[in-house]
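Chain by chain, the residues:
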Amino acid sequence: MTGRYRRLVAGMVTIAALGVGCGRQPDTSLHPDPPNIRYAPLRHPFHDATLYVDTNTATTRWQKAHGADWLDPITSRPQARWINSPRDLAGVPRMVTRAKDRGELPVFVAYYIPNRGCTDFKQGAPDAAAYDAYLRDLVDALGAVSSVIVLEPDAATADCYNAGRGKLLARAVKALTSAGHSVYLDAGHSRWRSPGEIATRLLQSGIADAEGFAVNVANRQTTTDSYRWGLELSDLVGDRDFIIDTSRNGSGPPPDDPGRDDEWCNPRRQALGAPPQITHRPHLAALLWIKAPGESDGKCGGEHTYLFSPTQASNLIAAARWLPQAERAAARSAS
Amino acid sequence: MTDATLDLPDITENARAPSLRRQIRRGAQTWIARHLISLVILLALLALVGAVHGIGMSTFPGYVDDPGTYLSQAWSLQYEHRLSPYSYFYDHAPAGWIQIAAWSGLTNGFDRYDSAIAFGNECMLIAKLVSMALLFVLGRRLGFGRIAATGAALLFGLCPLELVYGRWTFLDNLVTPWLLLAFVLTYSPRRSIGAAVGAAMAFGMAALTKETALVLLPAFGWAVLQNLDRRNRPQVLVTSVFAGAFLMGLYPLFALLKGELLPGPGHNSLIGTAIWQLAGRAASGSVLDPDSATADQLHGWLQYDRWLLLLGLAAIPVALLVRRLRPVALVLIIQWLVMVRGGYVPFMHVINLLPWSALLVAGAVSTIAGNPTLVPPGWLRAASGAAHRARVGVAVLLTLGLVTVTTVSWAPRLRPMMTVTQEQPLHSATTWLADNVPRNKVIVVHDSIWTDLVHRYGFNPRPIMIYKLDSDPAVRDNLGRVDYLVVPDWYYRTGDAAQKYPTLVEARKHAVAVATFGAGTDRVQIYRVSDHWKPPT
Chain A
1 MTGRYRRLVA
11 GMVTIAALGV
21 GCGRQPDTSL
31 HPDPPNIRYA
41 PLRHPFHDAT
51 LYVDTNTATT
61 RWQKAHGADW
71 LDPITSRPQA
81 RWINSPRDLA
91 GVPRMVTRAK
101 DRGELPVFVA
111 YYIPNRGCTD
121 FKQGAPDAAA
131 YDAYLRDLVD
141 ALGAVSSVIV
151 LEPDAATADC
161 YNAGRGKLLA
171 RAVKALTSAG
181 HSVYLDAGHS
191 RWRSPGEIAT
201 RLLQSGIADA
211 EGFAVNVANR
221 QTTTDSYRWG
231 LELSDLVGDR
241 DFIIDTSRNG
251 SGPPPDDPGR
261 DDEWCNPRRQ
271 ALGAPPQITH
281 RPHLAALLWI
291 KAPGESDGKC
301 GGEHTYLFSP
311 TQASNLIAAA
321 RWLPQAERAA
331 ARSAS
Chain B
336 MTDATLDLPD
346 ITENARAPSL
356 RRQIRRGAQT
366 WIARHLISLV
376 ILLALLALVG
386 AVHGIGMSTF
396 PGYVDDPGTY
406 LSQAWSLQYE
416 HRLSPYSYFY
426 DHAPAGWIQI
436 AAWSGLTNGF
446 DRYDSAIAFG
456 NECMLIAKLV
466 SMALLFVLGR
476 RLGFGRIAAT
486 GAALLFGLCP
496 LELVYGRWTF
506 LDNLVTPWLL
516 LAFVLTYSPR
526 RSIGAAVGAA
536 MAFGMAALTK
546 ETALVLLPAF
556 GWAVLQNLDR
566 RNRPQVLVTS
576 VFAGAFLMGL
586 YPLFALLKGE
596 LLPGPGHNSL
606 IGTAIWQLAG
616 RAASGSVLDP
626 DSATADQLHG
636 WLQYDRWLLL
646 LGLAAIPVAL
656 LVRRLRPVAL
666 VLIIQWLVMV
676 RGGYVPFMHV
686 INLLPWSALL
696 VAGAVSTIAG
706 NPTLVPPGWL
716 RAASGAAHRA
726 RVGVAVLLTL
736 GLVTVTTVSW
746 APRLRPMMTV
756 TQEQPLHSAT
766 TWLADNVPRN
776 KVIVVHDSIW
786 TDLVHRYGFN
796 PRPIMIYKLD
806 SDPAVRDNLG
816 RVDYLVVPDW
826 YYRTGDAAQK
836 YPTLVEARKH
846 AVAVATFGAG
856 TDRVQIYRVS
866 DHWKPPT
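So the protein sequences, as listed, match chains A and B.
Anchor point for the first sequence: position 291 equals 291 in our numbering, and the numbering is continuous, going up by one each time.
Heads up: take any position in the second sequence, counting from 1, add 335, and you land on our numbering.
Among these hints, one or two may not hold up.
Said to hold, decoys possible - Facing chain B, from chain A, some residues (calculated, C-beta under 8 Å): (1) A65; (2) T200; (3) L203; (4) E232.
Claimed, not checked - A few chain B residues that face chain A, going by a derived Cβ cut-off under 7 Å, partial list only: (5) R843; (6) H845; (7) S865; (8) D866; (9) W868.
To be verified - Only pairs whose alpha carbons sit at most 30 Å apart, straight line, appear in this in silico DSSO-like list of lysine-lysine: (10) A/K64 / A/K122; (11) B/K776 / B/K844; (12) B/K844 / A/K174; (13) B/K776 / B/K835; (14) B/K869 / B/K803; (15) A/K167 / B/K844.
These aren't lab readings, by the way, just hints derived from the structure by calculation.
Backbone N, C-alpha and C define an ideal beta-carbon position, used for all residues, glycine too.
Given these sequences and hints, build the entire structure.
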């Protein structure tokens, strides 16, 4: 019990007295915002991570079958693995084990929300119970390896979004994060809904527990626009981090011409965007290739499939200005 | 000796001319003795109506658009010596908020309550009680018996519709006492020049409080002419017309001195805004057209009470039979004609109908009863016993019916108005802002909480009133950023929100609700706008 101790107590009493004296003035500090939401601490899964390069994609299989070396710009780079139904779960444990062995970070896309296409429950899980089961199996398949999950592209953005879907998504976030994974809820892209509208939906969908959100998945908005839009949104959802899908945005969005529907579906003018990388810009965790480059958008633009299309892949490579001239030329001549 | 002789005249003089104080005291004593019964009745009326009006006025009715504007202008006058915190654009003549500012200056009004609206409620309570007392006096001067005058005061004081609109801080509620005072002085039994000048100036104050009072000039003029006395007619006319015109002329003079009388580029003007008020505003249509906005408004009023308005209409023909009641009947006729005209009718226009309806209903029953001071002898006043008794019987039945109907209809409506306990959502929002938002954030607010945020909580830069956000070029040009939006949901829900409030609607697209108060269209959501969004320039 020394004088120093007593001085400390006296100082604290003084501060407390000052506090009481100023108590008549309203508190001007900014409380957590919104105050009733408690955000989980960020895990920063991409910090110092190496992205996993998937060797078992439709593109790699086609490359092997056809000896197409010109596809290397795509197949040698990290991509996300889509889990579009319980059938796709089978390959997950092998991929997770391989990623762990190599010390790399795997990225998955969960894409099985009920009424996925807003077409009267024809796509996705038949009901909420089936979706919950899918999630349980996904958690089991992922095992103890911490992964990154991009949760349900378009689910929160779609016209058929409602509070019930929000609850379902929030449950999914909870299930995956409590198993140790980092979840990025899909937020659409910069020319779809306003950040305010999406922020409200993401808050309903459990963004507070998630690591953040994903921007531009399967779309072609520029990285600059996506970043600006994402920053605004991040500010509205508790400064969560976000990732941008740059798989196909190298040429920016195709002109929005309502008379030609092929512009948005397998457009002729498109290019690989920036290669997947961990970034150090504020709130932007990583640029990723989430949509598989080369996968057809559907039966449009000369395509008759939703699967891998060498034409689309060669278009993407040939137009990517950041690639070496030789690689682009090889792709151009291959098609 | 000399001392004694000097003292004597003093004593006699004292005996002849009593001291001023004693004179006043004696005068007051005789005045009170003469009016004792009326005074007792008035005190009881004031207590009753004051209680009904005052209990629950902070929680009912909900906040609406205009009161906050007038209170912010009163605040600006008291603390900044300006007519408005924004550039004054002659939307209304300023006497209304000058009176509010004067009362606040005398009593420190804005510091006595935790919200400006609550202080406005107090002002309205005072205006209501003064109006009711003047209505009683006017009834007496028109020739009503005490029962009829009390009836008029009660009809006005307890009508649920009047309670709703009388609690809101509207300029019309401040016009009512001045108009009633003008008529009270016009019907002064002495017919002195002083009373006439006072009447003209009271009418001038009514017009300066809200310029719409000018439409009643024919009715007021008729009342003045009816009460002229042959002995001082020219003097009364000249002095009262001069006094009234002088007082009202101050307003255009003020505009002229500011160089804002006539419209011109780059400045507001009295004439320019007047043209807009009269012709530019979207017409709400005639009340006779069932699809018009005016008809909708009437329907909205009738939901609170249908009796007083409709009985007032029914009383007009009876009142027109009586010479002394005709100018008062004309007041009500003009106020109804305003709604038939087809121009813009503000939703608080009902305030101008109610006191005169109450007066005419009481007057009509008195007329039917054959009150001798009201109805001159002749075919209107039956002299013979049987007819007289029949009329008195009808009047008694009418009175009983009136009492029954109003009691049955009004009591259940008044009760919830006095017992609502839910805090006003905008008031809760103000407290939330004070607790959670740094003072340097730019907040777009509903006008009803602007004064509190500036005066009580010291937000700096000052919040921006929503209706100024897109209408005041000075605000638009200096809008660097917007951090919070605090307006009731009805702003977003109106069909033309994107045209009327483009910046508000755009800002909300970049904002998220951080707190919510209340429910329905009155719900107030506090939106925080993203730091990364800037208003388009």
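Evaluated hints:
1. A65: violated, 47 Å
2. T200: holds, 6 Å
3. L203: Hint holds; A/L203 Cβ to chain B Cβ min 7 Å, cut 8 Å.
4. E232: holds, 4 Å
5. R843: This hint holds: B/R843 lies near chain A, its Cβ roughly 6 Å from the closest one there, short of 7 Å.
6. H845: holds, 5 Å
7. S865: holds, 4 Å
8. D866: holds, 5 Å
9. W868: holds, 6 Å
10. A/K64 / A/K122: Violated. A/K64 to A/K122 sits at ~34 Å, over the 30 Å cutoff.
11. B/K776 / B/K844: holds, 18 Å
12. B/K844 / A/K174: holds, 28 Å
13. B/K776 / B/K835: holds, 24 Å
14. B/K869 / B/K803: holds, 18 Å
15. A/K167 / B/K844: holds, 23 Å
The earlier numbered hints that this structure contradicts are 1 and 10.
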